[in-house]
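Same order as they appear, the protein sequences are chains P and H.
Start counting the first sequence at 889; every next residue gets the next number (the numbering used here).
Start counting the second sequence at 889; every next residue gets the next number (the numbering used here).
By construction, these hints were calculated from the structure, which means they are not laboratory data.
Hints may contain errors.
Pairs involving identical chains hold if they fit within one copy or between any two copies, as the list cannot separate such chains.
Listed next, the in silico BS3-like pairs over lysine-lysine satisfying Cα-Cα at most 27 Å (straight line) [said to hold, decoys possible]:
| # | residue 1 | residue 2 |
| --- | --- | --- |
| 1 | Lys1024 | Lys907 |
| 2 | Lys996 | Lys907 |
| 3 | Lys999 | Lys902 |
| 4 | Lys1034 | Lys890 |
| 5 | Lys1082 | Lys890 |
| 6 | Lys1034 | Lys907 |
There are 2 protein chains.
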Amino acid sequence: MKKIDVCLSPELIKLYDLKNKVVVIVDVLRASSTMVTALANGITHIRPYSNIDACEEMRNSGYLIAGERGGDIIKGFDLGNSPLKFLQEKYFGEKLAMTTTNGTLAIKLSKGASKIIIGGMINLEAVANFINNQNKDVIIFCAGWKGKVNLEDTLFAGALVDRVSENFELECDASMVARAVYSEAKNDIIGYLKNSSHVNRLAKLGIIKDIEFCLTPDQFDIVPELDGDNIMVR
Amino acid sequence: MKKIDVCLSPELIKLYDLKNKVVVIVDVLRASSTMVTALANGITHIRPYSNIDACEEMRNSGYLIAGERGGDIIKGFDLGNSPLKFLQEKYFGEKLAMTTTNGTLAIKLSKGASKIIIGGMINLEAVANFINNQNKDVIIFCAGWKGKVNLEDTLFAGALVDRVSENFELECDASMVARAVYSEAKNDIIGYLKNSSHVNRLAKLGIIKDIEFCLTPDQFDIVPELDGDNIMVR
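The shape of chain P in the complex, shown without the other chains (with noise of 0.2 Å):
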């Protein structure tokens, strides 16, 4: 049987063995969740960059340019992280280069892997059926924040192991950690991650719409991969 594990940090990456597996990339709050609007509304492909410098560049070739610190919009940018600003095809057929706090990172620290897509609770169905359909032990990597463990990045996760639990082997107890956190949130999601430390981050900056966005399951049909340096729908 297939085999399914978590990985509760960037921190934790290096104790994992991605060869030969696909790794789900998440950072629900809200890396990617605008990376699927994005790509779901018209957005050709979108690479990701760690260095706010590097994404700047991009505008030279023509891409629009997205990017946040600490939930904020970088100064110049075209954009910042919020999945709102893509919707009904705003940006159709455009290019998109994104820098973000912590989900670049983890993008970065994949390398190595087999297949890298994107997951989040929007794109949920569409994910559990992509891993379903492979022939291949998955990896969920959780984006965290700065480091650490956070919430709704481990629910996410939890609720993927959940979905796709009749075709995988639980390999290590970070999938069961998180399976009891979605456990106890599945009701009331957007209310349990109301106490999370993020959340109460992202509420004071005034995006409560993002959130309860980005909680949403199952809004989008696509699943978003790493292509070479591009984050495409193939």
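Starting from the known structure of chain P, fit chain H onto it as the hints suggest.
Same frame as chain P, now just chain H:
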């Protein structure tokens, strides 16, 4: 209000500021359970070692020597890592040098804290009382398994957070994650943990009685504390 936080792995402890805090080290299976049982049954103090040779040398200073690697007793040592061996004051008045896989490392990484104490399910209430009576913030430090998050230490962290929640503010998401695990497990802790990877490992070694013992709450009303190089009850 005092704050409480949970560190789910030794790989993450560098992200926490331990200064002026009480650190509760937990390695439920079995280092912290063995330490509590030994000290509750007449061992005068314990010296923890990460290195096998350094631990073995303490025999020349009149210490009993105890240690395991991968769950097995180290060749030539007096004792392994089974708490049951210390019951009925079998080694009353002896001093103990001890080396373990994960627990000793956690102690080493906690230097810098105001106080370092040892917790397990078997002295849960004693630890809860201890931290309630200290005027300091608390970090519960899970020893984990080779750097990875494990279920039994996370469960203890959740149980302790739950017991002291009226007196502490939860500092970050890991506390909520741990509490969710405890909440799901609390009505049948042993049944819940029988699916965990480490319990499976140990069960193969035939030490089910150890596991049941280590998971039974509130057996000993003592709190081991690091005092210089020694772990002892003040």
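Cross-check of the supplied hints:
no., hint, in the structure
1, Lys1024 <-> Lys907, "within (10 Å within a copy, 44 Å between copies)"
2, Lys996 <-> Lys907, "within (15 Å within a copy, 32 Å between copies)"
3, Lys999 <-> Lys902, "both (11 Å within a copy, 24 Å between copies)"
4, Lys1034 <-> Lys890, "between (31 Å within a copy, 23 Å between copies)"
5, Lys1082 <-> Lys890, "between (34 Å within a copy, 21 Å between copies)"
6, Lys1034 <-> Lys907, "both (25 Å within a copy, 20 Å between copies)"
Figure legend: structure checked against the earlier numbered hints; every hint is met.
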